[in-house]
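In the order they appear, the protein sequences are chains D and L.
If you count the first sequence from 1, position 46 lands on 112 in my numbering, and the numbers rise without skipping.
If you count the second sequence from 1, position 125 lands on 387 in my numbering, and the numbers rise without skipping.
Honestly, I wouldn't trust all of these hints.
Below, simulated EDC-like cross-link-like pairs (lysine to aspartate or glutamate); rule was C-alpha separation at most 20 angstroms, straight line [to be verified]:
no. : chain 1 : residue 1 : chain 2 : residue 2
1   : L       : K385      : D       : D137
2   : D       : K81       : L       : D390
3   : L       : K352      : L       : D364
4   : L       : K278      : L       : E439
5   : L       : K385      : L       : E431
6   : D       : K119      : D       : E101
Derived DEER-like restraints, expressed as beta-carbon distance ranges [unchecked claim]:
no. : chain 1 : residue 1 : chain 2 : residue 2 : range
7   : L       : D390      : D       : D89       : 52 to 60 angstroms
8   : L       : T314      : D       : R94       : 28 to 36 angstroms
9   : D       : A96       : L       : A347      : 45 to 53 angstroms
10  : L       : K352      : D       : R87       : 55 to 63 angstroms
Calculated directly from the structure, the hints in this document are not laboratory data.
Every residue gets a Cβ at the ideal spot worked out from N, C-alpha and C, and that includes glycine.
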Amino acid sequence: MASLIACPHCGPRPKEEFTVRGDAGITRPAPDAGEDAWHAYVYLRDNPRGRHKEHWHHTSGCRRWLVVERDTMTHAVYTVTDASAPGETA
Amino acid sequence: MADFALLHRPALATAKSGSFGAAFSNERITLTALPEGHVLHVLAARGSGDLTGLIPRIGDGSAHAVRAYGPGQWFVIGDASLSAAEIFGKTPVLDGKASISDQGHGRVLIGISGAAVEAVLAKGTAVDLALSNFPVGHSAMTLIGHISALISRTGPENFELLVLRGFAESLWDELIEMGLEFGVDAKTAR
């Protein structure tokens, strides 16, 4: 896994300071969307190989939620942005 | 009516004190348990804009009273202990743009200084502490080992660490160990 994450607020920090929530691309279903949609939202995840967007929390730093776009195969980190930035929250 | 009187006991009152490690060194580290005055956590309201000019008015005017924590968050620190009424009395200054949360019960300050202070802290954190990157007055929330702490530079060879009260003695012991090669003078008396 990528070992240095360039937090937009704190600068480069080791991954130990962060908590990974997972896929940043999934959308919360409507309350009445039905059991299948909610089961998929809560439990089902892809395991992508390659470029992937995830929510990371800078738990031991600025405590902001970030969107980290990284490559699960090469460990390259492409972008790190604050999750509150326009268009970042699914 | 309370059944027990709550007595304030300094977090580091019974921590290790004295001289440790290398006996002859010109780069000795000094660890100091700093006064437990006030620690105010200030949080900006959503969309309140740039408050960097406003926050110092909460503080006591001392040089390093305001320590940036993250976007829209600051710790305001001073040596005087403040009553709840005194803290509440500061809220009009913020004009609804930010809130104050008293953290004086929860976080304590440790001073660490000496010629080798950057080398000692670098054993615990990945933050670049070089003076050119981390000037006097700069703060960074980070991990020192496994303990979360706010590192602030108060001088070329002086740092202050704001740490959760319950972790203060563990961090204190770790700092002594990290400084052994340079020699450490640990002062808990206040």
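Outcome of the hint check:
1. K385/L / D137/D: violated (30 angstroms)
2. K81/D / D390/L: holds (15 angstroms)
3. K352/L / D364/L: holds (12 angstroms)
4. K278/L / E439/L: holds (11 angstroms)
5. K385/L / E431/L: Holds, at roughly 18 angstroms.
6. K119/D / E101/D: Not satisfied, since the Cα-Cα distance of roughly 26 angstroms exceeds 20 angstroms.
7. D390/L / D89/D: 52 to 60 angstroms: violated (32 angstroms)
8. T314/L / R94/D: 28 to 36 angstroms: holds (35 angstroms)
9. A96/D / A347/L: 45 to 53 angstroms: holds (47 angstroms)
10. K352/L / R87/D: 55 to 63 angstroms: violated (35 angstroms)
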